[in-house]
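**Student:** Respectively, the protein sequence lines represent chains A, B, C and D. Residue 92 in this note's numbering sits at position 75 of the first sequence, and the numbers go up by one each step. Residue 93 in this note's numbering sits at position 76 of the second sequence, and the numbers go up by one each step. Residue 74 in this note's numbering sits at position 57 of the third sequence, and the numbers go up by one each step. Residue 42 in this note's numbering sits at position 25 of the fourth sequence, and the numbers go up by one each step.
Wrong hints could be hidden among the right ones.
[Unchecked claim] Pairs of lysine to any residue residues, derived as SDA-like cross-links and limited to a Cα-Cα distance of at most 25 Å, are as follows:
(1) D:139 <-> D:76
(2) C:139 <-> B:114
(3) B:139 <-> B:102
(4) D:139 <-> A:114
(5) B:139 <-> C:85
Hints are computed from structural coordinates only; laboratory data are not their basis. All values derive from a computational prediction rather than experimental measurement.
4 protein chains.
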Amino acid sequence: MAPFRTTFIVRFGDVDSAGIVYYPRYPHYFHIGMERFFQEALGIDYADLVAGQQFGLPIVRLEIDFRSPLRYGDRVEMEISIGRIGTTSVEWFYTLRREADGEIVASARTVTVATDLAALEKLEVPDWLRTALEGR
Amino acid sequence: MAPFRTTFIVRFGDVDSAGIVYYPRYPHYFHIGMERFFQEALGIDYADLVAGQQFGLPIVRLEIDFRSPLRYGDRVEMEISIGRIGTTSVEWFYTLRREADGEIVASARTVTVATDLAALEKLEVPDWLRTALEGR
Amino acid sequence: MAPFRTTFIVRFGDVDSAGIVYYPRYPHYFHIGMERFFQEALGIDYADLVAGQQFGLPIVRLEIDFRSPLRYGDRVEMEISIGRIGTTSVEWFYTLRREADGEIVASARTVTVATDLAALEKLEVPDWLRTALEGR
Amino acid sequence: MAPFRTTFIVRFGDVDSAGIVYYPRYPHYFHIGMERFFQEALGIDYADLVAGQQFGLPIVRLEIDFRSPLRYGDRVEMEISIGRIGTTSVEWFYTLRREADGEIVASARTVTVATDLAALEKLEVPDWLRTALEGR
Chain A
18 MAPFRTTFIV RFGDVDSAGI VYYPRYPHYF HIGMERFFQE ALGIDYADLV AGQQFGLPIV
78 RLEIDFRSPL RYGDRVEMEI SIGRIGTTSV EWFYTLRREA DGEIVASART VTVATDLAAL
138 EKLEVPDWLR TALEGR
Chain B
18 MAPFRTTFIV RFGDVDSAGI VYYPRYPHYF HIGMERFFQE ALGIDYADLV AGQQFGLPIV
78 RLEIDFRSPL RYGDRVEMEI SIGRIGTTSV EWFYTLRREA DGEIVASART VTVATDLAAL
138 EKLEVPDWLR TALEGR
Chain C
18 MAPFRTTFIV RFGDVDSAGI VYYPRYPHYF HIGMERFFQE ALGIDYADLV AGQQFGLPIV
78 RLEIDFRSPL RYGDRVEMEI SIGRIGTTSV EWFYTLRREA DGEIVASART VTVATDLAAL
138 EKLEVPDWLR TALEGR
Chain D
18 MAPFRTTFIV RFGDVDSAGI VYYPRYPHYF HIGMERFFQE ALGIDYADLV AGQQFGLPIV
78 RLEIDFRSPL RYGDRVEMEI SIGRIGTTSV EWFYTLRREA DGEIVASART VTVATDLAAL
138 EKLEVPDWLR TALEGR
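Next comes chain A alone, as it looks inside the complex (with noise of 0.2 Å):
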């Protein structure tokens, strides 16, 4: 199916002192994208989730290949995919173009793993996530 397309603007807090994007806001920028991926592409609140079920996803492995740097006011379309849905982990891939010339900035594999966080104990990934995720 369709990857999943949301848009962001670069801030102006989300800068370094080189006047670049600081690293440590991509993270940010996906766990965001990840948030309205649940939203609006599969209609779960992921906070409800976390609240109310006390069930995450979170990361186990990141690589981030960062390729052109982004800058204050720079939209941006992040594109989310998923990859190999395992036994109890989800694989992601992100892709980050600069809507100005198409170029991408940055891409992403991260691996997350189904939690039980009252326990912090790894669960299998649900039946119910593993359908909502392979109808995308």
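Go by the hints and put chains B, C and D onto chain A.
**Tutor:** Chains B, C and D alone, transformed into the frame defined by chain A:
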């Protein structure tokens, strides 16, 4: 008694697109200062209070005067003193001085309220805290 | 004129160890609100001002009243209105309302100063900005 | 040579809605660690490099393995060592250990590139930096 003093360094990611410290970083500095005050001046681990006893001091009022901008690499001395201790509230004063020239770059006043974090309900300032703070 | 309104969602990483929004996130929300105000209400890209014209509105005074905590997933309406426009300063008022119950959760007042960001020197509020703000 | 070690404490605002450190805080910890490494291990002020000489080491690749969650109040030892120094790149390894139990909670590898920050163009790793890093 003497006010509590602690020092921090403005970090690479603390600035904004104008090249000076992004102003929401100031209250973050104050909070870290308060955590150090509890640890170093009172011998109390604020993390234990919050996590162990579900006790904390959420803020209800914040006032900051920004007098001179801070830049990446600036060493800053933070002075913390306690103001009025009410039935449920504690007033704090923060002063930031740039070490290079001794200039006061910002000053702040906060009011925090003794709170049961599980119920998010106001409490009277406990005696052990009142005693510890008055001893300062 | 009608105040400017914009909406945001409290994100997963916005909370603190007490499970409510970490208070330094509030001024960050206000700044993003101000950036949207420039774009959407005035048709001015604040990033262009800052990067292109080295013009900005650094803050000199911040006051926040925190009335009710915000939690992960809360949808919040921010209302922004302009107060007194002085020779060099602009006063702003921010009101945050939780959408679920319409409750005002925080209100704030800031004073910002028209500034040449290259020299970090005060300027008179330029006519184009005064006109744009007074039209609000 | 011995790797560089520095210690930090997980702060009140570092956690997320699951009650563990929000993962974008890890690369922020790494950057602060790198700033301390320059200061304390090499005797070089990274702020002077960036602001004074317009020289820096932006990241092009980040890999993190998250093994065990961090919580508010945890004291963490960060170990930093230098990997391959290429023509224009420097490879870094970061290991985070929870002090309470000595457990490795995260490890990371980054690749940074010597960069003229004014032009945002790649440079050869300067001799003074190569010498300083190889001496580690």
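**Student:** Could you run down the list of hints and mark each one as holding or not?
**Tutor:** Hint-by-hint comparison with the structure:
no.: 1; hint: D:139 <-> D:76; in the structure: 12 Å, holds
no.: 2; hint: C:139 <-> B:114; in the structure: 22 Å, holds
no.: 3; hint: B:139 <-> B:102; in the structure: 14 Å, holds
no.: 4; hint: D:139 <-> A:114; in the structure: 22 Å, holds
no.: 5; hint: B:139 <-> C:85; in the structure: 12 Å, holds
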